[in-house]
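Residue-level listing of the chains:
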Amino acid sequence: MDDVIVIRDLRFGYSREEVLSGIDLTLKQGEVLGILGPNGSGKSTLMAIICGILKNWSGSIEIMGSPLNDYAGKRLARILSYIPQSFDPSFDLKVETIVSFGRNPHLKGLSGPGVRDYEVIDEVMELTEIYGFKDRFFSTLSGGEKQRVVIAKALAQEGRILLMDEFTSHLDPGHSRKVGKIATDLVRAKGLSAMAVFHDLNQAIEMSDRLVFMKEGKIEALGEVWETVTPDIIWKVYGLRAQIITNPVTELPLVVFYD
Amino acid sequence: MKKILLFISIATASLIGMLWLSSFGTVKYSMFEVIQMISGSLTGSRANIYMNLRLPRLLVAFLIGSGLAVGGNGLQLTLKNPLADPYIIGISAGASFGAVFSLFIKEMSRTTINMDMMAFLFAVFSAFLTYTISRRGGRIPITTLVLSGVIVSSLFNAAVTFLVVFAWRNVITLHFWSLGSLSGVTWGDVLKLLPAILFQYFVFTVIRRKMLILATGEEHAITVGVNPERIKFVVFFTVSIVSAIAVSTAGLIGFVGLIIPHMVRLAFGTDNRLNLPATALLGGFFLIVCDTFARTLFQPTELPIGAVTALVGAPVFIYLLRSKEVVRNG
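So the protein sequences, as listed, match chains A and B. Per this note's numbering, the first sequence starts with residue 1, numbered consecutively. Per this note's numbering, the second sequence starts with residue 1001, numbered consecutively.
It should be emphasised that the hints constitute simulated quantities derived from the structure, not laboratory data. Careful, some of the hints might be misleading.
Stated by the list, open to error - Coverage of chain A stretches by chain B, computed from C-beta distances (three or more under 8 Å per stretch; other residues unrestricted):
1) 72-86
2) 124-133
3) 238-252
What the hints assert, rightly or not - Far from chain A, by Cβ distances over 12 Å, these chain B residues were calculated:
4) S1041
5) L1079
6) T1132
7) V1224
Ideal placement from N, C-alpha and C gives every residue a C-beta, glycine not left out.
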């Protein structure tokens, strides 16, 4: 059981247009897999398929050894948590209420959360440093605080796999780093596995164990950070000229654009 | 804790208010008489009028107001839209068409079809019609929902006019169907409404958590294991039952399901436990207040109750349309 998600020849399209044309990908136990690519390359579609939002795809997806289609709604939600780009409830809710939604997949039938559920809710609120404002309304929070609430909700699901879709891209650099670090640190501390779509190349390099580059519904490169990040692939995927230098602090690749 | 105190004081004030308002009318009672009559220690012809006309009307107003408000609350959460209510999205107009259609068939062919059943069928139909028209890529934008509701409503209202004029060659009965009235309701109506209102209240209490999850977005609901289609179906179905019985009892009454849930959200918060009970209570009390105006303002002539609720409701609708809640979801 080293691979938590195995995707083979995944295809998906809206009417005639193909969005994903033959994706082969595995997510290994315990890793953070960063997904990169320009807008419209199919990154978010891939995420939406894995967490059950989009249907009518073809190919094969296995999660923890069983086909995705075998999972009913709640069972999938006990394994997978999804952190979207932005979370925007139509009505104002309290922070604690939103975090408690993460317990839904664990509740039986129509009964409400019990003692153990509230223990989990309190714990994840501590971990994401939002316990102090659990009684505040979501709309009164800053962007960084909001995303931490959403991360807490995802952690409350206690899934083994976290899917994150550009979950820091609405934040300023400071909050983006802080929130990103909270998420990836928790993934490592709790021994989870994560797939994360990134907008910022250097942030992806810093936070991921392996990287995937996508373009027009296909995978262009997949592998360890040092193997995948090359001037060629950046030119191919983004159409930008770049130089790769070594980040003096982290000793990871640092992409510098020059046109 | 403050919210509980608020709820208790609202409940007490409403109860006293209801009894007080029931004393007004063509026959006027004192508060003392009202209490004596309800407790059964005062009888006679005056008490008879109160017990068989005034009191059932009071209760019907409470039940309908409460049912429409709770229904509006449910529709707003599941459609993620603070402007949804049975009247705005065309459920009531559909129900009214169904009710008139059953009368029409009776008039034309002397066969009887249950009025509530027909009202229900068309209520469900119009709910799904509005929903289908307004849905845009998995979302229901405020403007398209309101516009589709207007269209579906005017379609069914026009059809009602055609049927009425065709069958009875006059437009007098139209007033009842387009603006509503509680005059002439009986204990039988109370007994018919009560189970439907209780059923809706029970269903919405049980699925409230899932409705709140759905209010945060359909995609999000799926990722925490809630099936949006199933919840929406249950809500539409339940609201249609209540609207159908309300409409066949009292005609079209708009805006209750819009104003009350909004006020309760402001006072109690969306995710508060007291939200639903407060909605039911205030909805009922609100319609009693409106009905008292309808009965007494120009007595002995009655004002259609729908005109009273619209007079209060339309400004609230305009206010809501310009509020942050709507701007955010536009």
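Against the structure, the hints come out as follows:
Check result for the segment 72-86 of chain A against chain B: holds, 10 residues qualifying (beta carbon to beta carbon below 8 Å, three or more required). Proximity of the segment 124-133 of chain A to chain B, defined as three or more residues with a beta carbon under 8 Å from a beta carbon of that chain, is not established by the 0 residues found. Figure legend: the segment 238-252 of chain A, annotated as covered by chain B; annotation inconsistent (0 residues with Cβ-Cβ distances under 8 Å, at least 3 required). Every Cβ of chain A is farther than 12 Å from the Cβ of B:S1041; the closest lies at roughly 44 Å, confirming the non-interface assignment.
Some Cβ of chain A comes within 12 Å of the Cβ of B:L1079; the nearest lies about 9 Å off, and the non-interface call is violated. Every C-beta of chain A lies more than 12 Å from that of B:T1132, the closest at about 19 Å, which supports listing it as non-interface. The beta carbon of B:V1224 is not kept farther than 12 Å from every beta carbon of chain A, the shortest such distance being approximately 5 Å.
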